[in-house]
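Guided by the hints, dock chain H onto chain A, whose structure is given.
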Amino acid sequence: MNLTQKTQDFLKDNLTLEDALPTQLPVYVNSTAYLFGVSALSALVMLILTGIVMSLFGPSWYHLSNIGRFFNSLHFWSVQILFVAILLHLVTKYLMAAWRDGRWKTWMVGAIIFFVAAFTGLTGFLIQTNWDSQWIAVQAKDAINAAGAGSFFNPLNLGQVLTLHVVVLPLAMTAFVLLHLFLIRRDSPVRPIAE
Amino acid sequence: MSKQSEANLSGFPMRPYDMLREGLIVLGFIAILAILLAAIFSSPDYPTVRGEDVAKLQPTAFLQTTANILAGNSEIQTYGPPYTSDNQNAQAVLGIAPATWFGVSTPLDPKQDFVLNPLTRISVLNKDLDAALQVYKTATADQQQAWLKAYMAGLDTATVENDVVKMPDGDYGPVPTLMNSMLDLGRAGLLSGVLDGNAQLPYTLDFTRSLLYFQEDVDHSVADSLNMLGEQWGISHETGSYPGAWWLWPYTLLYQIPPMSTSDNGDLQVVAIVLVMLLIVLFMPFIPILNRLPRWLRLYRIIWRDWYRHEQLDSTSPPATESL
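Going line by line, the protein sequences match chains A and H. As numbered in numbering that gives the first Met the number 0, the first sequence has no gaps in its residue numbers, which increase by one up to the final residue, 194. As numbered in numbering that gives the first Met the number 0, the second sequence has no gaps in its residue numbers, which increase by one up to the final residue, 323.
Since the hints were made in silico from the structure, they are not lab data. Be a bit skeptical, because a hint or two may be false.
What the hints assert, rightly or not - Derived pair list, reagent style DSS-like, types lysine-lysine, alpha-carbon separation capped at 25 Å: (1) 5(A) <-> 104(A); (2) 11(A) <-> 104(A); (3) 136(H) <-> 126(H); (4) 5(A) <-> 2(H); (5) 11(A) <-> 2(H); (6) 55(H) <-> 165(H); (7) 136(H) <-> 110(H); (8) 2(H) <-> 104(A); (9) 126(H) <-> 110(H).
Only chain A is shown next, with the shape it has when bound in the complex (with noise of 0.2 Å):
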């Protein structure tokens, strides 16, 4: 089995130059809700830009840097939007029923994304190293020990949460984000719903 020759042959049949990088949609993707994803995307590259940024010098970095402060106001901002943005999102596309012709794996890995980004944003919360730190710590913590997952998470973990924080989410973050992207470019934007 030439691994290559398969790789070719998915990609011409589920993702072509014109899939990845489209020149022509279909004429009724012609609305503000469908600025909705690309919204969040972007909010997304501001998060990972000036995530980079603030994990060069650091979770303290912030409460003695102006400089610091104002990448951490970027960063905590670019949450605020991102969530709007998948909330938009997420609203428009059930009200299209985007899930119609076997795009249901697409909407699953969104419910997934948003998922992510919810636990992203808590441990987020966990790393600002003040009073909402410590605060969230503990009070998060008797949900997630009741629910069991105490013997893996630890909220008071510093650590673990910084790390998580920085590299194991934003990975799984950036996988899920792809798979989306691969699914609705393959599939086409869904058609609006027959009457």
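Then chain H, alone, in the frame of chain A:
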């Protein structure tokens, strides 16, 4: 175009599109929005509650907390997994207690780990403390409890003069020496270090012990002053007027409603309900009624209004053209 797209778009008219241009314009807009919000509103950064602050500003609260821990009354003393092995306080729903499945992963004995071990470590520097520790450790459990009970009752009427906590007369045994040594540790800013420091691991990033130390009355009184208690929608708040994790509102809402708001198993009940909610979102395409609701609501007509307007005006004409 992929085979799937060709099949899905067969017969539909297309319009020119520039994905990269659109993406860059939206990215630019989002970046400018984030920069403006960051420049105008900055971000929250309310300082932590440190042992040093509590010891200096609220010495009696510090001593109450510490005596309470040494008396074995702290919540963590009988918390159950992952801190202690007694399962009777592990939360359960329908007889299922997931907390017990994986045992004790972060073993804690607050009496020892939060008070006696730190005091033992510093007793080499203080002979009075060393002697008091020996008296305390060799006393019976009943005697220890009697001293601590009297001490905690005395704290209620204690006064603070020139940073000295003056206790009313009473039989407290060696407890005042132990407690004042802990207070000194706190005032010196060494409490977190002695709690979290581990002789075997000189590097530590685990603040479990120091964060749990004040998690009861002290943290709750601070949270209350900031409207951040669980019954005040807790962790979905930020300090000040900043937006917090508002996407967790459905989760925090459940904590406001009985029986979750009053049950000893409230956390697990909330987790179970949230899990069901997540599964509903995940499997929405397959859930009867919910997956038909968009068709009945017909709000999609707003999103595809141009398409339907054309269909309505020109229903007998060939498929739509690029002029749409």
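Outcome of the hint check:
1. 5(A) <-> 104(A): holds (22 Å)
2. 11(A) <-> 104(A): Roughly 20 Å separates the two Cα atoms, so the pair holds.
3. 136(H) <-> 126(H): holds (15 Å)
4. 5(A) <-> 2(H): Holds, at roughly 16 Å.
5. 11(A) <-> 2(H): Roughly 9 Å separates the two Cα atoms, so the pair holds.
6. 55(H) <-> 165(H): holds (15 Å)
7. 136(H) <-> 110(H): Holds, at roughly 12 Å.
8. 2(H) <-> 104(A): This hinted pair holds, its Cα atoms lying about 17 Å apart.
9. 126(H) <-> 110(H): With Cα atoms ~21 Å apart, residue 126(H) and residue 110(H) stay inside 25 Å; holds.
When held up to the earlier numbered hints, the structure conflicts with none and fits them all.
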